[in-house]
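Asks: Given chain A, put chain B in place with the hints provided.
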Amino acid sequence: MEQLKTIGRELAIGSHGGWGQSKEFLDLVKSIGEARSKAEEDRIILREVESLRRRIAEPDVPRRKMKEYIIRLVYAEMLGHDASFGYIHAVKMTHDDALPLKRTGYLAVTLFLSEDHDLIILIVNTIQKDLRSDNYLVVCAALAAVCKLINEETIPAVLPQVVDLLAHPKEAVRKKAVMALHRFYQRSPASVSHLVSNFRKRLCDNDPGVMGATLCPLFDLICADVNSYKDLVISFVGILKQVAERRLPKTYDYHQMAAPFIQIKLLKILALLGSGDKQASGHMYNVLGDIFRKCEQSSNIGNAVLYESICCVSSIHPNAKLLEAAAEATSKFLKSDSHNLKYMGVDALGRLIRINPDIAEEHQLAVIDCLEDPDDTLKRKTFELLYKMTKSTNVEVIVGRMIEYMINISDNHYKTEIASRCVELAEQFAPTNEWFIQTMNKVFEHAGDLVNVRVAHNLMRLIAEGFGEDDEGAESKLRSSAVDSYLRILGEPKLPSLFLQVICWVLGEYGTADGKYPAAYIIGKLCDVTEALLCDDTVKAYAISAILKICAFEIAEGRKVEMLPECQSLIDELSTSHSTDLQQRAYELQALLCLESQAVESVMPLDASCEDIEIDKNLTFLKDFVQQSIENGATPYIPESERSGMSNVSNFKSQYQHEASSHMLRFEAYELPRPSPAHVIPHVSVPTPIADLFPVPETTCNSETSQASKLPSVAGASSAAHGIKLHLDGVQRRWGRPTYSSSSGPSSTTSTEKTTNGVTHIDGVGSQSRDKLNESRRQQPEVSAEKQKLAASLFGGSAGKTEKKATSTQRAPKGNTRNAERPGAARSRSPETSKEKAAPSVPDLLDLGEPNPTSTTIVDPFKQLEGLVGPAPMPSPLDNSVKTSGFETPDLMAAAYTDLLPSGSSSGSLSSTTTDMYSVDKTSNTATSVPSIKKGPFPQDSLRKDARARQLGVTPTGNNPNLFKDLLG
Amino acid sequence: MYYDINIKARRKTHQLFLSCALSGDDEMIRFILLQNRQGKTRLAKYYIPLEDSEKHKVEYEVHRLVVNRDPKYTNFVEFRTHKVIYRRYAGLFFSMCVDITDNELAYLECIHLFVEILDHFFSNVCELDLVFNFHKVYLILDEFILAGEIQETSKRAIIERMGELEKQE
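Heads up: the protein sequence lines correspond to chains A and B, in order.
Counting along the first sequence from 1, when you hit position 194 you're at 193 in numbering that gives the first Met the number 0, and nothing is skipped either side.
Counting along the second sequence from 1, when you hit position 15 you're at 14 in numbering that gives the first Met the number 0, and nothing is skipped either side.
Only chain B is shown next, with the shape it has when bound in the complex:
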């Protein structure tokens, strides 16, 4: 009995990706990806429920979309019913999937703010830092963005919070 209900629920959430887009008023970040030029995932955070196979597809498609774009072009690409805002730092692509009607520039700067936070935390962050400390990157991200919304935009507040967490280790 219980199992049945779960299957139904899963099916329901699986359509969320599409239906959220159609409703339009549910503005939120759908996922954040950090990928290198070869398409290896360095970090993946999903704020919407997706099946594993779907995640692979998303990561593959997003990488293909952004990797060969002319740097002169816009930093925005349409992705299915959404939009991917991406920015490249050295060999890393930071991509963020948002609503089609959202303020693209603001999210572009949101990515930059995130990188600035990482840069402060790791002092001169490089890809290697993120590779070896991915779980800390997740924690920083959780302080910055929660449930698909930007929750804190003060660099200092986030760094301080991380400091308190680090002390516990």
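Only chain A is shown next, with the shape it has when bound in the complex:
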């Protein structure tokens, strides 16, 4: 170690001889360093770029000077300014014979150029030459450039040389060659597929650095094809064992861990190899056990290795002992005060519960703490965990929480993700249809434009088909409550388009079904929808079709339809619309109004959305016609796969690759594209155009509607009458009745019944075992009642139907208090944690979290939707008590935190500007809290550096005093 420091010091002194650059450049960097604003910085750099542009183009710039110009260009680019005029000079510099210049050239091109830049072809030649150089430093520089600049087309040009370098005497070259090949593999796996044996050989390299680097490509290769590398399990286990037993050189140690980064990579590989393979896993148990035993838990890196071991254990064939060790390590993570460790703990828990769901139970409170933590990263990770542990018994609470969180975030990417998760969970575990519809409404309302169209179709189908049981009463109740809720929601401004589509469809089908609302009222509402500002064509199409349906039902019932003025104006507007689809619909409506009631009834039968339409995909009814045409001399239809043009296209790529490998590089222009296969199609005779009229269902809603408008001309009015059909092909039915398109009813219905039986059966078992646990843990200290309830609803699998309802009604007030607490969230969290600490044995919450008997039971789920619109009810007194106690003890957390730090450095590290939360691990560094010895082991160096900086005019009292702060202080 001491020796290492000496080397470092010498180097630093050598390299710092006035920093080796011209005064001009140092002034530039200095002024940038002290620039007060981005605008000032931009001005300085623009001036610099202009002067460089002029000077670099001068003839006979001395090489040394040019080197500095290039570095200055790099600086300008780094700060975000365009320096493309100098790229060519950087490329030229790579040709230079002097190593420092060549290296600067390579450094600049790797930073300037991306792999598809035009100038790359000018460098390939130099790289080829340099790869053959006797000076290994030149080879290293070239290999670094190879990693960044060589693309799929130029791989063949350098591949043979890089492969040769795998046997280079210098380990630094071998290592870089391995990394280059790895890069080639990522660019184009086929280019190095024949070189796998070389990687295997490098695994046994004498140099640990080369071995460690080889793990990178092997990891990727194993990811792609596990089975071809099963023979390496023993080798990997052997290497890991050696590493763990500290047989690698000391220089690979990091914070008292033996080569931790190599260990982590090996554990990742073993996790892949042992997954689902009992025999391979068997080899690993021993070494994994060793790692768990030996791992240093006080350092970050030790925990990183530990975490990777947990991942590995949860991925390979389960072993009880290791799982126990993993669970123990996980619980230590979760109980830690460090957010980072908690985060790792939550993630690890998510992996372990896949194998043993009971592990979660012990950590319920810790998990809930994480869920309520103000740190978004931790919160999201916890949602991920909840997502993994959702069951039919806790789905309501979890999805409720998710939606609550979803409403409050603005990040669209994450909103989409959490919305789709809500939908997935709701589809999979929904306890009732009412709840499902309610949940979907919330998702649509708040993230409507982000969810998949499929979700809307699923919802519509559910409302149409109901429970899938023969209970007509319940079905119509469901529908009318849906209609009620939608009529109410329509009052809201700015509803997402997809949601409006659903609303229109449901109102059209079932708006007048129960006779509660007059047709005119519904039609009026639908007209309002189309008048909204942001109403797009699809929504208009849905709305006009809905109006058409309602009119049809009215006429069929024999009632007179009076045309509302706004409806008439809507029809007028749409019949002159730019969209032919909308026109068609408007004309259809007008035509329908003139028909007799009987005709209307057969055109638009009531509640026919669930009926099957048979599609004859083989078009058998056309056979005679085709036969006749062929007899009359038409060319027969050739299936796509048999057409000659097509095979050309599919072979094109491989052909091209072949050419590329045989010719090294192709720098001439490419040939003109071959005639496209589209030319073949016109030759194909009669059947195709007709076939087009019966399109195979597609997945988008738009194509569905346009198909519907096409249909009438061919298939007759009856099928067109439905207007917009639900598209159900390929939509997997998670619960309720089997998929719409499934062949026969009875068989599949029984299968779903079976699954529901299965679910209840499992629940039964769970409740039994938990009841036992209940008894064993009856007397446990009290924890905050709110959290207990939440924990009970999340983790208590045995909760009965009534209990479930109770918790779900309590959800609203709970959410309210959470919001109220948010401003002081950091504070209110602390007493909770400390409470938890006071009660180390985790109490079982099932008996404490009993349902509040006074809470109201749900009468009509759609009534609850009002809660969405209006303010939520008052928080319960229990919550208040939690809050007040929270304000009384705000310092508890801080005190606990301070206690944990090593004495002597605690106050210093807390108050120092270094906000590293891991000061615990760096005991040696945290000892620097006394300013006089702040400069660590080399005070003279620092003084010298300060003096030099002052000479340049940069002073610690300048604009940015941070410039002088030791990073590792």
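Everything labelled a hint here was simulated from the structure, so no lab data went into it.
Do not rely on the hints blindly, as some may be mistaken.
[Unchecked claim] Computed list of lysine-lysine pairs in BS3-like fashion (alpha-carbon distance at most 25 Å, straight line):
1. A:Lys320 to A:Lys378
2. B:Lys71 to A:Lys334
3. A:Lys378 to A:Lys334
4. A:Lys240 to B:Lys166
5. B:Lys166 to A:Lys22
6. A:Lys331 to B:Lys71
7. A:Lys320 to A:Lys293
8. A:Lys29 to A:Lys64
9. A:Lys387 to A:Lys414
10. A:Lys37 to B:Lys54
11. A:Lys277 to A:Lys320
12. B:Lys39 to A:Lys37
13. B:Lys44 to A:Lys37
14. B:Lys166 to A:Lys128
15. B:Lys39 to B:Lys54
16. B:Lys56 to A:Lys37
17. A:Lys387 to A:Lys334
18. A:Lys277 to A:Lys249
19. A:Lys414 to B:Lys56
20. A:Lys29 to B:Lys71
21. B:Lys166 to A:Lys91
22. B:Lys166 to A:Lys64
23. A:Lys387 to A:Lys320
24. A:Lys378 to B:Lys71
25. A:Lys169 to B:Lys54
26. A:Lys240 to A:Lys334
27. A:Lys229 to A:Lys169
28. A:Lys22 to B:Lys39
29. A:Lys320 to A:Lys334
30. A:Lys320 to A:Lys229
31. A:Lys229 to A:Lys277
32. B:Lys71 to A:Lys91
33. A:Lys229 to A:Lys240
34. A:Lys229 to B:Lys71
[What the hints assert, rightly or not] Computed footprint of chain A on chain B, listed as stretches where at least three residues anywhere in the stretch have a Cβ under 8 Å from a Cβ of chain A:
35. 94–107
36. 129–138
A quick note: this is a predicted structure, and the numbers were derived from the prediction, not measured.
Beta carbons: idealized from backbone N, C-alpha and C, even for Gly.
Replies: Chain B in isolation, oriented as in the chain A frame:
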């Protein structure tokens, strides 16, 4: 003709940022940023092809994400489809963008190892050293991380290699 093909290729790589994330098995470091508290870039190394405008956006967004985070919070932030692991040393933020499924703690320590290497090389490194010697920092980084993967974890090996390079100057 050639130009056309290039445009196509560029478009393809531009989507890489997203598609790599979706494929998931392509675990690698996407970029490393050194920024000070004001958001000035001290070093930027990208291991994936990005347009210049995209780089600006990335640097701006990453700075905004990390600069005001409570020091008690996790050192990990979700960033688009990826994750940024960051750590603050004095006035400098070291940020590393990695895969969402990767071992966060390991990368956090990877940053620390990098700082330790810098500390040895510059003997008690401070921001000023990095500002004036950014091109050397790039070279050190190239010895440590290559093509988005950690290639060498021995401090000594890296310092020795740099020593040999310095001798050539």
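Asks: Which hints from the list above does the structure break, by number from lowest to highest?
Replies: Hints 1, 4, 18, 20, 25, 26, 27, 32, 34 contradicted; others consistent.
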